[in-house]
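**Q** Sequence:
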Amino acid sequence: MDRRRISVAPPSIPGFRAVPFTGVIYVMAEAAKLGYAYGHPDWCNLGQGQPETGPLPGAPPRIRDVSIATADQEYAPVAGIPELRQAVADLYNVLYRKGKRSKYGAENVCICGGGRLGLTRTVAALGEINLGHFLPDYTAYEELLDIFRPFTAIPILLESGDGYRFTAQQLEREVTGRGLSALLLSNPANPTGHTIRGQELADWVDAARRLECTLLLDEFYSHYAWSAEPQEEGLVSAARYVEDVNRDPVVILDGFTKNWRYPGWRTTWVLGPRSVIDAVTSSGSFLDGGGSRPLQRAAIPLLQPESVRAETAAIRQAFLRKRRVLVDGLRAAGLRLEVEPEGTFYAWADLSALPEPLNDGMGFFRAALEEKVICVPGEFFDINPGKRRSGRPSRFRQYARFSFGPEEEFVAEGARRIGELVARHR
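Terminal number for the sequence shown in numbering that gives the first Met the number 0: 425, no gaps in between.
Treat the hints as calculated values from the structure; they're not laboratory data. No false leads were slipped in.
Using C-beta positions, here's what the derived DEER-type ranges look like: (1) 309 with 14: 47 to 53 Å; (2) 149 with 172: 20 to 26 Å; (3) 60 with 319: 19 to 25 Å; (4) 102 with 299: 17 to 23 Å; (5) 73 with 145: 32 to 38 Å; (6) 312 with 126: 38 to 44 Å; (7) 198 with 365: 40 to 46 Å; (8) 338 with 392: 21 to 27 Å; (9) 149 with 198: 31 to 37 Å; (10) 423 with 299: 49 to 55 Å; (11) 263 with 161: 33 to 39 Å; (12) 62 with 28: 26 to 32 Å; (13) 156 with 319: 26 to 32 Å.
Glycine residues also receive a C-beta, built at the ideal position from the N, C-alpha and C atoms.
Can you make the complete structure from the sequences, with help from the hints?
**A** Right, here's the structure in full:
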């Protein structure tokens, strides 16, 4: 990965280092130099990492006002207010743990001020271990895995020819062969959209239990599971296959950012064994001190199971339509999708068959900006903590990620402009 093109200069005063932007933040900053601003009607932001946040047919009404009680003027507990912690636990028990003796309780939940902060708290609590992570995966993992030094980050390459799949048998070989004590991954996966579900996910949880390897599962797109069976209601979670909530090595991160379409609330959670939650809470005591009390209280009604089911069904109806628009548009333009997204709201496209300079992720990104279209170059998803592979070209330099998170009209227009862009270069 050529970091010279995407890093930032160090501060001009002593003691500070250069801190790179994550992929999405970088592309937004570059677009802003050309006049982009959020909500600008002339731009098609196919690079955005958030879903559309307005009303959807069949979805519960959007919350537009938040009241602040007298007690809300005080700090929230570092682990979150008890009522919200219990509501999260209750939701998981209803959705995934019917008929199971072991249930989640408030003590199994830690509320955090955003997804990255939940990950940061969790990673800060890890010990001196080997931590596996996949390539490609979520861009923000890179700096996160580099900041905390007790553990060693071990990359595991996923192959496009296999549809970015990784079986439980392969997992077992990696865990035993590399001595992994934990594995970090997004499921459904950002950026590829690959989704581990059903018996395959059950096998992963079983392998983690047998091998004593903790699964750190970023499930922020778990309500965007397009390949889910009808009985799964479009919902995918490892919580369905946990036997004992306080013994099984399964830690889940989720929140209101994607699955409830409230990214601006920065209200998320970590769910897992009580001992892990205690450690994550302790790390939060020095990292951030706790989240917003008024927003935590306002979020409790959003966790009613019927409200969640209605929101998920509305997402499924609207986003499956946008998925078709984007996938068909990209393919018509000559971009190659090795697999259609099984989850998330992203399409991971191979640009190698396009004419220069569009056959390079950065080249495509720059050319698309001139058309007021934003995407994210694939090399950002080549997670490389510590820059141990610096100087080598990224395996994903000829890929880009495209989002169907925006409203449908912008997805369709963005796909149309991409088609015209490619046609002009042929």
